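**Q** So the chains spell out like this:
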Amino acid sequence: MSLLLVITLQHYLVVAAALFCAGLIAVLSRRNAVAILIGIELMLNAANVNLVAFDHYNRLPGAINGQIFALFVLAIAAAEAAVALALILNVFDSRDRIDVDQIDTLKG
Amino acid sequence: MSSLAALPELSELIPDLLFFIFAGVAIVAAMAAAVAPKIVHAAFGLMATFFMVAALYAMLGADFVALAQVIVYVGGILVLLVFGVLLTARTEIKLGVERGSTKTFAVLAGGLLFLVLLLAIGGTTFPTPEKPAEPEPTTADIGRAFLDPDGMLIPFELASVLLLAALVGAAYLARRRRSDA
Numbered sequence: 001m002s003l004l005l006v007i008t009l010q011h012y013l014v015v016a017a018a019l020f021c022a023g024l025i026a027v028l029s030r031r032n033a034v035a036i037l038i039g040i041e042l043m044l045n046a047a048n049v050n051l052v053a054f055d056h057y058n059r060l061p062g063a064i065n066g067q068i069f070a071l072f073v074l075a076i077a078a079a080e081a082a083v084a085l086a087l088i089l090n091v092f093d094s095r096d097r098i099d100v101d102q103i104d105t106l107k108g
Numbered sequence: 001m002s003s004l005a006a007l008p009e010l011s012e013l014i015p016d017l018l019f020f021i022f023a024g025v026a027i028v029a030a031m032a033a034a035v036a037p038k039i040v041h042a043a044f045g046l047m048a049t050f051f052m053v054a055a056l057y058a059m060l061g062a063d064f065v066a067l068a069q070v071i072v073y074v075g076g077i078l079v080l081l082v083f084g085v086l087l088t089a090r091t092e093i094k095l096g097v098e099r100g101s102t103k104t105f106a107v108l109a110g111g112l113l114f115l116v117l118l119l120a121i122g123g124t125t126f127p128t129p130e131k132p133a134e135p136e137p138t139t140a141d142i143g144r145a146f147l148d149p150d151g152m153l154i155p156f157e158l159a160s161v162l163l164l165a166a167l168v169g170a171a172y173l174a175r176r177r178r179s180d181a
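Those protein sequences? They're chains A and B, same order as listed.
The letter at position 16 of the first sequence is residue 16 when you use this note's numbering, and the numbering goes up by one with no holes.
The letter at position 165 of the second sequence is residue 165 when you use this note's numbering, and the numbering goes up by one with no holes.
Isolated chain A (complex conformation) (with noise of 0.2 angstroms):
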């Protein structure tokens, strides 16, 4: 029996899929939006995890494509934030509360 356990593609992918599933726990079962967007953010690590894991262990020569999506899902996860906490603040001014269950003014 050998101790030496080789680190492989899979294990990579169980750690992004136990991040989603924190993520989505977070998602479903906050109703303060900030905690909503923490989940959020979580499941986009979450794939980020798995992009740059599918790069590193199939890479062909002189590609390097999975890193460079991943550098893509970063620069859109900071705009999504920017603009969702500005329509937070935004709700948070003119309603006083940030909870998603109670911002139902246009429930008939």
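Bear in mind the hints are in silico, worked out from the structure with no lab data behind them.
Every value quoted in this text rests on a predicted model; they were computed, and no experiment measured them.
Each residue gets a CB set at the ideal place from its N, CA and C atoms; glycine is no exception.
Take every hint as true, because none was put in to throw you off.
Negatives, chain A to chain B, calculated, CB over 10 angstroms:
| hint | residue |
| --- | --- |
| 1 | 104 |
| 2 | 105 |
| 3 | 106 |
Pair by pair, the computed Cβ-Cβ distance ranges are:
| hint | chain 1 | residue 1 | chain 2 | residue 2 | range |
| --- | --- | --- | --- | --- | --- |
| 4 | A | 103 | B | 40 | 20 to 30 angstroms |
| 5 | A | 94 | B | 126 | 45 to 55 angstroms |
| 6 | B | 70 | A | 106 | 34 to 44 angstroms |
| 7 | A | 106 | B | 124 | 36 to 46 angstroms |
Position chain B against the provided structure of chain A, taking the given hints into account.
**A** For chain B alone, coordinates are given in the frame of chain A:
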């Protein structure tokens, strides 16, 4: 054969050990970020997760992505989130914690999804090479790909325009309107 000779070199074990430390801390911190009763604690859990994920990137040979992760996520997005928490802190006191049933269903859904993903990962054979390529510095390659007209130049410029538009839009949305109403 003596049992001592069968033991691998300690230095060969260190990367594996590091992987399990990083991965374990990342998952525990992510769960803390998902279920911590206080949002500030959740933000700190998220910070730990970001650092550990950056370490995993470094182990995967993605040095530039690891640095960008620390700079953009920890230095940018997390600070934004903490500002968001601080500026909207009153609601936490007023409205208390989440309902128990919602949390139970959420944990159930997350656990089930994790199980499905585990089965899917275990049941798929990925065409990976026996030994992945040795990690090399990737920054120069990434820079060349981003500025190559036949490569990623146009998506790169589009991402710049998107960031500009999003930040201008965010500044417009976040301005205070109440005083002049």
